[in-house]
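Residue numbers (this note's numbering), protein chains in the order written: chain C, -16 to 418; chain H, 21 to 196.
It should be emphasised that the hints constitute simulated quantities derived from the structure, not laboratory data. Watch out, some of these pointers could steer you wrong.
Unchecked claim - Below, computed lysine-lysine pairings styled on DSS-like, alpha-carbon distance capped at 30 Å:
1. C:Lys264 / H:Lys51
2. C:Lys248 / H:Lys109
3. H:Lys183 / C:Lys248
4. H:Lys89 / C:Lys264
5. H:Lys175 / C:Lys248
6. H:Lys183 / C:Lys109
7. C:Lys109 / H:Lys187
8. H:Lys187 / C:Lys(-1)
9. C:Lys264 / H:Lys121
10. C:Lys248 / H:Lys170
11. H:Lys187 / C:Lys261
12. C:Lys27 / H:Lys51
13. C:Lys(-4) / H:Lys51
14. H:Lys101 / C:Lys264
15. C:Lys247 / H:Lys183
16. H:Lys51 / C:Lys4
17. H:Lys24 / C:Lys247
18. H:Lys170 / C:Lys264
19. H:Lys109 / C:Lys264
20. C:Lys247 / H:Lys59
21. C:Lys4 / C:Lys171
22. H:Lys109 / C:Lys247
23. H:Lys175 / C:Lys264
24. H:Lys59 / C:Lys171
25. H:Lys89 / C:Lys261
26. C:Lys247 / H:Lys45
27. H:Lys59 / C:Lys(-4)
28. H:Lys45 / C:Lys109
29. C:Lys261 / H:Lys83
30. H:Lys89 / C:Lys(-1)
31. H:Lys24 / C:Lys261
32. C:Lys247 / H:Lys101
33. C:Lys4 / H:Lys45
34. C:Lys247 / H:Lys121
35. H:Lys84 / C:Lys109
36. C:Lys109 / C:Lys(-1)
37. C:Lys247 / C:Lys288
38. C:Lys171 / H:Lys24
39. H:Lys59 / C:Lys4
40. H:Lys121 / C:Lys248
For reference, the chains in residue letters:
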Amino acid sequence: MRPVYVVSGGVSKFTKARHDKTFQAVVKEAFEYAVADLNIDTTKFLELVDGSVASYFSDHFQRQLMSGIMAQDYLGLCPKPSHRVEGGGATGGLAFQEGWKSIASGHMDVCAVYGFETMSHVETWKGNEFIALASDVSFDFPVGGFYSGYYAMMVVRHMQEFGTTVEQMAHVSVKNHRNAYHNPYAQKRQKLTIEDVRNSTMVAWPLTRLDICVMSDGAAAVILASEEGVKRLEKAAGRTLPKIKVTGIGRGTDAMRMSDRPHKKVPLLSFEKESDYKNLKYPGIHSFRAGRSAAIQAYKHAGIKNPIAELDFVELHDAYTSSEIQTYEDLGLCRYGQGGELAVSGKTFMPGVDYGLKLKEKPICPVNPSGGLIACGHPVGATGLMQAVFALWQLQNTIGKHFKDPALQIKNAKKGLIHSHAGTGTYVTVSILEA
Amino acid sequence: MSKKISDRVEETTEGTILYNVPFPKNIESLKELSPIIIKQPYAIDYIHSYGQDSPWFAGLSNKKLLGTKCTACGYVFATPKLSCMECGKECDWVELPQEGKVHSFTVCYFGAEAFLHETPFILGLIEFEGANTLLLTRLVGLDPQEASLKWVGMKVKAKFRRKSQFKPTDVYFIPA
Ligand SMILES: [Zn+2]
């Protein structure tokens, strides 16, 4: 397979409601930002791009089927090839990897991947109902379908199994909201305390409102290219482009119904031993087997042995503070059962940001330096691509330029991981990007 | 905990029917026009078939809790699957014990619109002796305010609705 480069990206400001524009026009904002950042005129770029991938989750939020083609024609990309990708919360991560495939296979040299979601066209509780329809409508949804409830049951089991605490979870909320304080694209830019998180309204025990991401309207776009494609774009731009390479790709799945999750052995990463997990029945509902499967493949592909030491940062799918902790373990940033301790250690925090917390250790691998889903918002089809854009900017060393604030730029970032995750861990993707 | 007094009027989707809006004399200023936001109602009755899973619902209406068992590897599903996830072979119907233990739970203070009026309600995943998978259900007869990890492992027993609705809520669990 051919090497694939991420050359540019753009994100619309995530916000509760974008009533000022239709989704096509919001996609165009992100797309045009990415094109403009290449220093290429939009009309010229439309000649140079070979095709696209459209990323969006829901048809019923807008009551509009075939939204993808409406974005495609609005952007002026017709009649070039395109297809829609859907996989719940992991839609963006899957779309990114579909774009990667288009380039790696030789099918395209320049591919635009754009994602979006318009969640403001229904009221919040109807929106929760729509999202809950992404659970088995015969056996799960009618019992009281509510995603926050599903994740709450998963973390209750994590607490039971490993002793994880709500205070450890609250650390994730404080970290991500505080990081987003420096990210102008984020929906919630807040300085919080552990008490703020715990005293916030209880949504699904033990998760409070500040443990949970919000619904958003938004779009994101990335442009991927082969060696040939990069040359083509460089010629049009009249300059050389920084080469950020996709060096690892992995995916996994698990059963839709949490009740169907097996209780078996942990698939091991290279630094783990079977004896580490003698009494652990895996994944049960406490861990995301799909995430572990995706990590194993991506690390093998990218040659990563000790993720927390080798990765300069991680942008992961923290729809819940609890799932950030669970994902630390799936990704092997620590062993299973140590996620809670890692969350409070300081290792996953940003250097140079004052969180108002006493942290024992220095940052070694910031997780969700952008603020993650918790603070940036989660316009589903855009989310996984937003992570790709923020990761690209970290690796290009251009966070300061794009955020108009250098606070979140990780010095000398060379290797980053993005992680996209669908409802209760059904589809998970992991992609590794390197400068 | 002191009760918070809200300083917000609740937003609703009730609205006024509008038949005209102001329009500028100058066409160049049209891009400054505020977006027009309308209400589009949408309702539908689905003709939903439980297909091969139908006997499970028939079981509930006859106070029987059914699961399935793989004919080849013996894996037992507490939420029925007629195709074995482990080996791909066919499963047969079996009766499950009507007592089990709470594997995990949560108290939902909010929810999907359809269930908002039932909050707070308790969701539980139940494990059964001899079954390899769990069952999602409502836990009833517990005080939501008393939620704690002590509920994990609690012995519970099935209760059935007298008037079946042919929904998974025809069965629910109470402390045994
Ligand atoms: Zn079997």
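Hint check results:
Our distance criterion of 30 Å between C-alpha atoms is broken by lysine 264 of chain C and lysine 51 of chain H, whose separation comes to about 59 Å. The suggested pairing of lysine 248 of chain C with lysine 109 of chain H holds, with an alpha-carbon distance near 22 Å, which does not exceed 30 Å. Of the pairs offered as hints, the one joining lysine 183 of chain H and lysine 248 of chain C is violated, with about 43 Å between alpha carbons and a cut-off of 30 Å exceeded. Taking the CA atoms of lysine 89 of chain H and lysine 264 of chain C, the gap is about 21 Å. The hint holds against a cut of 30 Å.
Restraint check: the Cα-Cα separation between lysine 175 of chain H and lysine 248 of chain C comes to about 26 Å, which is no more than 30 Å; the hinted pair holds. For the hint pairing lysine 183 of chain H with lysine 109 of chain C, the CA-to-CA distance comes to about 28 Å; that is within 30 Å, so the pair holds. The suggested pairing of lysine 109 of chain C with lysine 187 of chain H holds, with an alpha-carbon distance near 21 Å, which does not exceed 30 Å. Taking the CA atoms of lysine 187 of chain H and lysine -1 of chain C, the gap is near 34 Å; set against the 30 Å cutoff, the hint is violated.
With a C-alpha separation of about 17 Å, the suggested pairing of lysine 264 of chain C with lysine 121 of chain H holds against the 30 Å cut-off. For the hint pairing lysine 248 of chain C with lysine 170 of chain H, the CA-to-CA distance comes to about 26 Å; that is within 30 Å, so the pair holds. In summary, the hint linking lysine 187 of chain H to lysine 261 of chain C is not supported, as the alpha carbons are separated by about 39 Å, beyond the 30 Å threshold. About 26 Å separates the Cα atoms of lysine 27 of chain C and lysine 51 of chain H, which keeps this hinted pair within 30 Å; it holds.
The straight-line distance between the Cα atoms of lysine -4 of chain C and lysine 51 of chain H is roughly 20 Å, inside the 30 Å bound, and the hint therefore holds. About 21 Å separates the Cα atoms of lysine 101 of chain H and lysine 264 of chain C, which keeps this hinted pair within 30 Å; it holds. Using a Cα cut-off of 30 Å, the hinted pair lysine 247 of chain C and lysine 183 of chain H is violated, with the two alpha carbons roughly 39 Å apart. For the hint pairing lysine 51 of chain H with lysine 4 of chain C, the CA-to-CA distance comes to about 11 Å; that is within 30 Å, so the pair holds.
Only pairs whose Cα atoms come within 30 Å are accepted, and lysine 24 of chain H paired with lysine 247 of chain C is rejected, the gap being roughly 46 Å. Distance check on the hinted pair: lysine 170 of chain H and lysine 264 of chain C sit about 20 Å apart at the alpha-carbon level, within 30 Å; holds. The straight-line distance between the Cα atoms of lysine 109 of chain H and lysine 264 of chain C is roughly 24 Å, inside the 30 Å bound, and the hint therefore holds. Between lysine 247 of chain C and lysine 59 of chain H, the direct Cα distance comes to roughly 50 Å. Violation of the 30 Å bound is thereby established for this hinted pair.
Simply put, lysine 4 of chain C and lysine 171 of chain C have alpha-carbon atoms about 21 Å apart, close enough for the 30 Å limit, and the pair holds. As the CA atoms of lysine 109 of chain H and lysine 247 of chain C are separated by approximately 20 Å, the hinted pair is consistent with the 30 Å bound. Our distance criterion of 30 Å between C-alpha atoms is met by lysine 175 of chain H and lysine 264 of chain C, whose separation comes to about 21 Å. The suggested pairing of lysine 59 of chain H with lysine 171 of chain C holds, with an alpha-carbon distance near 28 Å, which does not exceed 30 Å.
In summary, the hint linking lysine 89 of chain H to lysine 261 of chain C is supported, as the alpha carbons are separated by about 27 Å, within the 30 Å threshold. Straight-line distance between C-alpha atoms of lysine 247 of chain C and lysine 45 of chain H comes to about 71 Å, which puts the hinted pair past the 30 Å bound. With a C-alpha separation of about 25 Å, the suggested pair lysine 59 of chain H and lysine -4 of chain C falls inside the 30 Å cut-off, and the hint holds. Taken as a hint, the lysine 45 of chain H and lysine 109 of chain C pair is broken in the structure, with Cα atoms around 39 Å apart against an allowance of 30 Å.
With a C-alpha separation of about 39 Å, the suggested pairing of lysine 261 of chain C with lysine 83 of chain H is violated against the 30 Å cut-off. Distance hint between lysine 89 of chain H and lysine -1 of chain C is unfulfilled; the C-alpha atoms sit about 47 Å from each other, more than 30 Å. For the given pair, lysine 24 of chain H sits about 48 Å from lysine 261 of chain C by alpha-carbon distance, which is inconsistent with the 30 Å threshold. Taking the CA atoms of lysine 247 of chain C and lysine 101 of chain H, the gap is near 19 Å; set against the 30 Å cutoff, the hint holds.
Only pairs whose Cα atoms come within 30 Å are accepted, and lysine 4 of chain C paired with lysine 45 of chain H is accepted, the gap being roughly 23 Å. The hinted pair formed by lysine 247 of chain C and lysine 121 of chain H meets the criterion: a straight-line CA distance of about 19 Å does not exceed 30 Å. Note on lysine 84 of chain H and lysine 109 of chain C: the hinted pairing is violated, with a Cα-Cα distance of about 34 Å set against a maximum of 30 Å. At most 30 Å may separate the alpha-carbon atoms for a hinted pair to count; lysine 109 of chain C and lysine -1 of chain C meet this at roughly 15 Å.
Of the pairs offered as hints, the one joining lysine 247 of chain C and lysine 288 of chain C holds, with about 24 Å between alpha carbons and a cut-off of 30 Å not exceeded. Taking the CA atoms of lysine 171 of chain C and lysine 24 of chain H, the gap is near 22 Å; set against the 30 Å cutoff, the hint holds. Note on lysine 59 of chain H and lysine 4 of chain C: the hinted pairing holds, with a Cα-Cα distance of about 17 Å set against a maximum of 30 Å. For the proposed pair lysine 121 of chain H and lysine 248 of chain C, the alpha carbon gap of about 22 Å is at most 30 Å, so the pair holds.
Hint check: violations occur at hints 1, 3, 8, 11, 15, 17, 20, 26, 28, 29, 30, 31, 35; the rest are consistent with the structure.
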